[in-house]
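Chemist: Chains as they are written, first to last, in the numbering used here: chain A, 1 to 96; chain B, 1 to 486; chain C, 1 to 478.
Hints listed in this document are in silico derivations from the structure and should not be mistaken for laboratory results. From the three backbone atoms N, C-alpha and C, an ideal C-beta is built for every residue, glycine too. One should not assume that every hint holds.
[To be verified] Looking from chain B toward chain A, a few residues come up when the C-beta cut is under 7 Å (computed):
#, residue
1, S20
2, A34
3, N37
4, T38
5, H53
6, L54
7, H56
8, V151
9, Y288
10, E292
11, R296
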Amino acid sequence: MKLTSEEVNEIALESRLLLNEQELAGAVRYINTFLDKLDCFRELDLKDVEPFSFAEALECPLREDKVIPFPDNEAILHESEHVDGSYFKVPRIMEE
Amino acid sequence: MAELTFTPVIGIEIHIRLKSDSKLFCSCSTNTDAPANTNICPVCMGLPGTLPHLNHRIVEQGMLAGFALNCGIRHKSLFFRKSYFYPDLPKGHQVSQCDLPITTSGYIEVHDSEGKLKKIRVHHLHLEEDVGSLHHSASDGRLEGAATSYVDYNRSGTPLAEIVSEPDVSSAKEAVEYVMTLRRRVIYSGASDVELEKGMMRFDANVSMKCSDGRWGKKVEVKNMNSFKALEHAIEFEIKRQKKIMLQGGEVKQETRHWNDAKGITSSSRVKESYRKFIVEPDLPPLYISQEWIDRVASRMPEMPDVRANRYVNDWEIPQEVADVLTDDKNLADYFESCVSSGANPVRAAHWVRTEVLRVLNEKGQKIADFSIKPEVLAGLVKRVDEGKLSTTQGKEVFDYMCANNSGIDDSVKALGITEGGIAGNALNDIIASVIAANPDVLDEIKSGRDKKGKKLKFLQGLVMKETKGQAKPQEVAEAIAEAVK
Amino acid sequence: MELYELNLHILIEGLKAKKFSPAEIFQSCKKRIDQCEENIHAFITRTDDKPQSIENPNGLLAGIPTVLKDNLCTKGIRTTAASKILGNWKPPYNATAWEKLRSAGAVLMGKVNMDEFAMGNTCGNSAFGPTHNPNDISRVPGGSSGGSAAAVSAGYVPFSLGSDTGGSIRQPASFCGVYGFKPTYGMVSRYGLISYGSSLDQIGPFARTVQDLQLIMSIISGHDPMDSSSFRNKDHDFTHSEDVSIKGKRIAVVKEFRDFTLDAPISDAIKRTIKILEDEGAIITEVSLPVVAKYAVACYYALAMSEAHTNLERYDGVRLGYTVKDAAGIKEMFERVRSYGFGAEVKARIIAGTCLTEPSRCEEYYVAATKVRTLIAQEFSRAFGETDFILQPVTPSLPGKIGENDEDALKGYEADLYTLPVNLAGLPGLSFFTGYSGNLPVGLQLIGPRWSDVSMLDTGVILERHLGSPKIANGGVK
Ligand SMILES: [Zn+2]
C-alpha cells in the first residue's frame with residue numbers, strides 16, 4: 001500500500017471532499033491499485049524524453065486587445081443563489 | 001563575547017497590473033471601477049466549457065516590462081494551472097506562467113548603505129491573471145472577523161506581471177528603492193501606469209536573517225503590502241521581530257505572515273496555504289515569440305530614467321539630484337528636454353523646471369501634460385533672463401503672471417510694467433563676476449569687514465556701471481554685487 | 001416507413017423536394033421518443049414539448065431534429081454533465097459546435113445522458129440513472145456518450161453529438177450499432193464542451209450512415225477563435241462521394257493486439273472486414289505498437305485524472321449550480337457542495353488526480369505520464385509511415401448487462417485499451433458497424449494519422465457499402 005487512509009483523507013480534504021468511512025475505504029483501494037499500475041512507467045527510460053502537453057507543434061493564438069462586453073451579465077448572476085444586490089455573498093473566509 | 005550582528009536576507013515579489021483595454025484571456029473591459037460584476041463574461045467567471053484566449057497586447061506589455069528590468073525574453077513560454085480554493089478565484093486555479101515565464105533574469109540597481117550601486121537580481125517576470133476582489137462585512141472592512149464577504153469579479157482575469165527578485169535585498173531602505181526604481185522604469189516602458197492608489201502594485205516579501213554566529217533563520221513570507229510605506233514598515237517590523245527571537249536563542253518559524261497596516265504589525269496567517277505542483281494549462285498551447293517580434297517591441301523601449309538622468313549629468317552638467325527629480329516622471333523629462341531643444345540653457349532650464357514648474361504643478365495639483373506654459377515658451381523666458389533682458393526676479397514674476405493669466409511672455413511683461421532691454425540677470429552677473437575677478441584686493445577688503453562705510457562697494461558699482469555702459473539699473477547692480485561678494 | 005426511420009441525407013432531400021415538412025419530422029421523432037423513452041431513458045432534459053422555431057429556415061439542416069450530450073452548453077437550457085453539482089444550471093452561452101448546428105437550422109429535442117463529467121464507459125455513472133441499450137434494454141449502451149448513441153440507434157433523431165476523451169464516442173457507437181466519429185484533436189472547437197481531460201477531449205457526431213457523419217463534420221469542423229487548440233489554415237472537404245477507392249491503400253492490424261482475447265463475433269468481424277478491404281484493393285499489413293499496448297492505459301488515466309481534477313476545481317457552489325446556504329464558513333461550504341454534488345467515480349478521480357500532481361509525486365506520475373505520451377505519439381507517427389490506417393476492435397467484448405462490473409471500476413479501464421491511445425496522440429477514429437451477433441451490433445474501428453479525417457470517412461463509405469448499414473433498434477418496444 002502506497003498510501004494510508006489518513007493520507008488519502010488528507011488529499012481528499014485538500015480537494016474539499018469529505019468522505020464517509022465507506023467512501024474512504026473505496027478511495028484508498030482505488031488510489032493504491034491505480035498507483036501500482038503506474039509503476040510500469042519505471043520500466044521506461046524517460047530521462048531525455050520531452051513531455052507531451054499538446055497534440056502537435058501548436059502555437060498559442062493571440063487576440064487583438066479589443067473590448068467586447070458580454071451582453072448578458074445578468075444571465076450569469078441569475079445562476080447563483082448567493083447573489084446579493086450586484087455582489088456574490090459568501091460566508092466567513094477566515095477561520096477562527 | 002563579541003556582539004552578534006544580523007544581516008537581513010530579503011527577496012521581494014511584486015504584482016503589477018499591466019495596461020490593456022481588455023482582460024488577459026477574454027474581451028471584458030479591464031475597468032475595475034465599473035459597478036460590481038458588470039465587466040464579467042463566461043470566460044473570466046470560469047463557467048464550465050469556457051476556454052482562455054490570450055491577449056496580444058498584454059504579451060507585448062510583458063515584454064516591455066521585462067526590458068525595463070533588464071530581462072531577456074524567452075522564445076517559448078508556457079502557462080500553468082496553480083490550484084487553490086478561494087471564493088475570488090472562479091476556476092479554483094490561477095492561470096500563470098510561473099514555471100516557464102516570458103522573461104529570463106534581469107536586475108535593478110539600488111544604493112547600498114554606503115551609497116554604492118548594487119544590483120538586485122530579478123529572477124524573472126511572468127504573466128498571470130488576477131483574481132476578483134473581496135469586500136468584507138466587518139466594520140473595519142477587514143477579512144478577520146468578517147462573517148460574510150462580497151465578491152466582485154470585475155478584476156478577475158485582468159492582467160498581472162509577477163516580478164520575483166533574488167534574495168539580494170538587505171534592508172527596508174533598499175527594498176523601497178528597488179520597488180520605486182522598478183516602478184519608475186516600468187511606467188517609462190509603457191507597460192503599466194502602476195497607479196499605487198488603485199492597487200496596481202502589490203508586494204510580498206520573503207525575509208530571513210543571517211547571524212554572525214553562523215545561524216540562519218527560516219524564511220518568512222510576509223504578504224499583503226499595498227504601498228511603499230507598508231513594504232518598508234513590514235520589513236522593518238519583521239527584521240526586528242526575527243532578530244529578537246534569534247537574540248533570545250529561539251528559532252524563527254517558517255511561515256506566512258500577513259501585514260496589518262492599521263496595527264503596523266505582521267501576524268501569523270491562519271489561512272493554510274497548500275503548495276501544489278502546477279500542471280500545464282492544457283487549453284493554452286505554448287507562447288512562441290520570434291526574435292523579430294522581440295526586436296520590434298524592443299525598438300519601442302524609451303530611454304530608461306536612470307540612463308536619462310546620467311546623460312543629463314554627463315552631457316549637461318546638471319546636478320545628480322536635479323536630474324533624478326526631472327527624470328522621475330517621463331513626461332516631465334520630456335518637457336524639460338523640449339525646453340532645451342528650443343534653445344534654453346540646460347542647467348538653467350533644469351532649475352526652472354525643478355523649482356518653478358514643479359512648484360506650480362504642486363500648487364495646482366496638475367500633471368505636466370496639463371501645464372499651461374508650453375516648453376518652447378518657457379525656453380523663451382529662460383533665454384530672456386539668460387541674456388539679461390529680464391532679471392531673475394522679473395523672470396519669476398513674469399512666469400507667475402503667465403501661469404495665473406494664461407498669457408504670453410510679451411503681454412505679461414507689459415502688464416507687469418517691466419521695461420526690458422537693460423542688462424540684468426545672468427548677463428549682469430557675468431559682468432560683476434569679471435569685475436570682481438579683476439580686483440581681488442578690493443574683494444578681500446570687503447570680505448575682511450574693513451569696508452565699513454561701503455566705499456569699496458560703491459567703487460565696484462562704478463566699475464560695473466561703466467562696463468554696462470549705463471544699461472543696468474543702479475539698484476539692481478547694487479543688489480547683485482552685494483549678493484556676489486557674500 | 002415512418003419519417004423517424006429515415007437517415008439524415010434522405011430527410012434533407014425529402015425536405016428539399018417538399019415530400020414532407022419539418023413539423024412532420026418533428027412529430028414523428030417526438031412520437032418515437034414517447035414510444036421508447038420509458039425503456040431507454042436517454043434524456044436528461046427534453047426540449048421537444050412544442051415545436052421550436054428554426055433558427056435558419058434555409059440552412060442545410062433546417063428542421064432536422066437532434067440531441068446533444070449534456071456536457072455541451074446550450075444557452076438557457078439546463079446543462080448538467082449528468083452531475084448533481086451543476087444543479088439546474090442554464091448556461092448563458094452556446095457551445096460553438098451547437099451554435100453551428102443551430103445556425104444551419106437544426107432543432108434541439110433535448111439533452112441526453114452520459115457518465116458524470118464523461119467519466120465512465122457504461123452511461124451508468126450518471127446522477128440521472130442509467131441509459132439502456134436500444135438493441136437490448138438489459139444491456140449498457142456504452143459510454144460516456146451513451147445517450148447520444150442510444151438516441152440515434154433508437155430513431156429518436158437522425159444524428160447527435162457526443163464527446164470522446166478516451167473512446168466515449170466510438171465505444172457507445174459500437175455498442176448501439178451506429179457510426180461514431182472522433183475527429184482529429186483541434187478539428188472541432190471545444191468551446192462550450194464541459195471539460196474532462198482538456199488535451200484529450202474532442203466533440204464528434206453519431207449517425208446511421210457514414211454519409212451523414214460527413215455531412216455533420218462539414219458543418220461542425222473548422223477554426224474557432226474561442227478555442228486556442230482549434231486549428232487554423234486547415235481546410236477539409238467532407239463532401240460525400242460514392243466514387244471513392246482504397247486501391248493501394250495500406251491498412252494494418254496491430255501485432256501486439258493479436259494475442260489479446262476478443263469475443264468471437266468481434267474477431268470474426270475483423271476477418272470479414274479484412275477480406276472486404278483486400279477485395280477492394282487495399283494492402284493488409286501489420287504494425288508494431290509495443291509502448292501503446294503496454295503503457296497507454298496507465299498513461300491515459302494518469303493524464304486524464306491530472307487534468308480533470310483541475311477542471312473540476314471550479315465547482316464550489318459560489319457562482320452556479322448546486323449550493324448550500326447555511327454554511328458557517330467558506331471551507332465548509334466548498335466541502336459540503338463538492339461532497340454532495342460529485343458522484344463516487346468523480347470523487348475517486350479527483351483524489352487520484354490531486355495525488356498524482358502533489359509536489360512529492362508529480363515527477364514520478366504526472367510528468368512521467370506526459371513523457372510516456374510523447375513515446376506513444378512517436379510510436380503512432382512511425383507506424384503511420386508504414387500504413388495509412390489501422391484496423392482494430394473498439395472493445396474486446398460486446399455490451400455487458402447493466403449493473404455488471406460496477407464494483408470494480410478499474411477493471412473497466414482495461415477495456416478502453418483499443419480506444420484511448422487515439423486520444424493520447426490526438427488521432428481521428430471511426431467506429432463503424434459490421435453486422436449483428438444475435439440482436440447485438442458489432443462494431444470495429446479505423447484509426448489514422450492526424451488530419452486523415454476526410455479519407456478515413458471515405459474509407460468508411462466503402463466499408464458501409466459492403467457491410468451494410470445498421471437498422472433502427474427496436475428500443476425495447478415489443
Ligand atoms: Zn470576461
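Chemist: It remains to establish, for every hint, whether it holds in the given structure.
Modeler: Status of the hints after comparison with the structure:
1. Annotation: S20(B) was flagged as interfacial toward chain A, and the flag holds, the nearest CB pair being 5 Å apart, inside 7 Å.
2. Annotation: interface hint on A34(B) violated; nearest CB of chain A at approximately 10 Å, more than 7 Å.
3. Against a cut-off of 7 Å between C-beta atoms, the interface hint on N37(B) holds, since the closest Cβ of chain A lies about 5 Å away.
4. A cut of 7 Å between beta carbons decides the hint on T38(B): the least distance to chain A is about 6 Å, and the hint holds.
5. For H53(B), the interface hint holds, the least distance from its beta-carbon to any beta-carbon of chain A being 5 Å, beneath 7 Å.
6. The closest approach between the C-beta of L54(B) and any C-beta of chain A is roughly 5 Å, which is under the 7 Å cut-off, so the hint is satisfied.
7. With a least beta-carbon distance of about 4 Å to chain A, the hint placing H56(B) at the interface is held under the 7 Å criterion.
8. This hint holds: V151(B) has a C-beta 4 Å from the nearest C-beta of chain A, less than the 7 Å allowed.
9. The criterion of a C-beta within 7 Å of any C-beta in chain A is met by Y288(B), whose closest approach is roughly 5 Å, and the hint holds.
10. This hint is violated: E292(B) has a C-beta 15 Å from the nearest C-beta of chain A, more than the 7 Å allowed.
11. A least Cβ separation of about 14 Å between R296(B) and chain A goes past the 7 Å threshold, and the interface hint is therefore violated.
Hint violations for this structure: numbers 2, 10, 11, all remaining hints satisfied.
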